[in-house]
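Q: Model the full structure from these sequences, guided by the hints.
As a plain string of letters, each chain reads:
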Amino acid sequence: MSHAIELQNVTYCYSEGTPSQVTALKDINLTIEQGELVGIIGHTGSGKSTLISHFNGLLKPTSGKVLIDGTDIRESKETLRQSRFKVGLCFQYPEYQLFEETVAKDIAFGPKNMKLDEDEIKRRVAVAASYVGLSDEMLEKSPFDLSGGEKRRAAIAGVMAMEPSVLVFDEPAAGLDPAGRKELIKLITDYRNKTGCTVVIVSHSMEDIAKIADRVIVVNDGMIAMNGTVDEVFSRCDELQSMGLDVPEITRIFSRLHALGFDVPENVYSVDKGTEIIRALIEGRRSV
Amino acid sequence: MIRDITFGQYYPGKSLLHRMDPRMKLVLTFALIVFMFVCKSFASLAVIVLLTVIAVALSGVPLKVIFKSIKPILIILIFTALLNIFYTHGTVQNGDALWISFLNGKIEIWDKGVYTAVFTMVRIVALVVISSLLTYTTTPTMLTDALERLLSPLKIFHIKVHTLAMMMTLALRFIPTLIEEIERIMNAQKARGADLETGGIVERAKALVPIFIPLMVSSFRRAYELALAMTCRCYTGGEGRTRMKQMKMKGRDLVCLFVCLAFAAGIIVLNYFAKHETFSIFGMLFFKQVI
Ligand SMILES: Nc1ncnc2c1ncn2[C@@H]1O[C@H](COP(=O)(O)OP(=O)(O)OP(=O)(O)O)[C@@H](O)[C@H]1O
Ligand SMILES: [Mg+2]
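Here the protein sequences line up with chains U and W, keeping their order.
Just so you know, we're using the working numbering here: the first sequence kicks off at 1 and counts up by one.
Just so you know, we're using the working numbering here: the second sequence kicks off at 1 and counts up by one.
None of these hints come from the bench; they were simulated from the model.
Not one of these hints is a red herring.
Selected chain W positions facing chain U (in silico; Cβ < 8 Å):
| hint | residue |
| --- | --- |
| 1 | A188 |
| 2 | A194 |
| 3 | I213 |
| 4 | V217 |
For lysine-lysine, the following PhoX-like pairs were computed, each having C-alpha atoms within a straight-line distance of at most 25 Å:
| hint | chain 1 | residue 1 | chain 2 | residue 2 |
| --- | --- | --- | --- | --- |
| 5 | U | K77 | W | K206 |
| 6 | U | K122 | W | K206 |
| 7 | W | K206 | U | K112 |
| 8 | U | K26 | U | K60 |
| 9 | U | K122 | U | K194 |
| 10 | U | K77 | U | K65 |
| 11 | U | K141 | W | K206 |
| 12 | W | K160 | W | K248 |
| 13 | W | K248 | W | K155 |
| 14 | U | K122 | U | K105 |
| 15 | W | K14 | W | K248 |
| 16 | U | K115 | W | K206 |
| 17 | U | K105 | W | K206 |
Covered by chain W, according to a simulated footprint, are these stretches of chain U (three or more residues, beta-carbon under 8 Å):
| hint | region |
| --- | --- |
| 18 | 83-89 |
| 19 | 109-120 |
| 20 | 157-169 |
Idealized CB from N, CA, C, for every residue including glycine.
A: Written as structure tokens, this is what we have:
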């Protein structure tokens, strides 16, 4: 089976040929497999957003190639158009893209651009709305009357309604409260479990990435610095810190406990797992 | 892309022109433009050209950048020149002034035509160069500030000069922000398959709706936030407002003023004393003999 997305030697410069030229990506080679959940981390300005804008052809690489399902997206106009529908891109603060009279109409914008028929569009709107938990009543409201979190979910539904085989999120939880954040991350994992869709998430939250990702890609100064499982990446704490990143808080606590001689594993990435281990540890002591 | 549209073409530097009081610059530029239309002979035009050249040299703005400001008017320039050459008949001197005539006199070029063509071209180029020098050496904010100061006497007619200037400053300040915003929204809608490039005029206009509505919404939000932020910092309009950067006339501004006055005097004098002789001699030397 071919890779869901493959980047071959992709280099990208902003404002090429002017004095303000910035090389945002340098010779990136990357594959994303079908059905994976990939987390992308990197400090501010490292090139994460630039990277994901290549996945659906919004940016044209200065050099190099982007392949989706094994076909070069720049092969023809049609393949480029198809890439927009195969890879759904959900930008940071997607709520600012809402424009229609009603939420339902806004969610239907993507499917309409795909030239689907009325019934199919209706079905997709209903399905996408249920994924993000928008009630029928909300669907008939103006998107501008929703709360911030609801707007965000409406916008995400707008991308989901295209039923892309790869869904890419750029900091989906930015600016949400902890509860909203948790809810959103759950919504994304649920969606992925239900549809088996490939998901890529850019996030500044090490906790979220450690909790849900199958694989983590670390971007540093336009290059891929690390690429591996959560274990592999977060065990390199010092390197991450030198790139202005960090490991989840809970991981730091556990590696400290481990260093102090407690009988706990070092590689703990979620609070739930950590609680479990500590509880087991305490109970073990009691029973002694 | 959209970002490539440069707005406010300020070219950073520390030259004499950059350091001059923007009010003086504004007044002198205006005066120079007026004098460009005052001059009637090639000799006086030469004075303007000389002054323009001196100003360009003083500004430290590279010639390449200056040429960029002429480029957009190149077509207009050629067009006016051609019209003048072929359609202005007559002479600026006594004697035989018909230079070329072919197709049995259907197309004629008279010396007055060439004269006017060259004259207008030089005048337009000088005009554009001088006025773009002003924007190359002055930031938009400084310009509006200067304008506010210069127009402040209008207050007696109850015109809110300060408010107008503040509006202009804010508008200028938000243009880059808006451009960034448009780019962001365009990308977001393109990611949902919006097609902005193909189709007829109607379809394209329709395709802009998903971009303009979010843009309007966020602009209004930004405007409210800005108004709130300004109010929180006790902004109440121009009344009793002092400035952090005081504009002060310095010695150099006076020197520039006197230099420009001298040139202006030169223009007036040359207008009277050197009518068309220079041009006629030029024409005689180069054209009459060749043809
Ligand atoms: N439109 C643009 N024009 C010029 N340079 C840009 C543009 N967008 C981004 N850059 C530059 O490219 C580099 C990468 O930017 P990018 O937005 O991809 O970073 P990022 O990793 O997404 O950062 P953040 O975490 O803040 O979102 C930065 O140095 C940035 O200054
Ligand atoms: Mg980003």
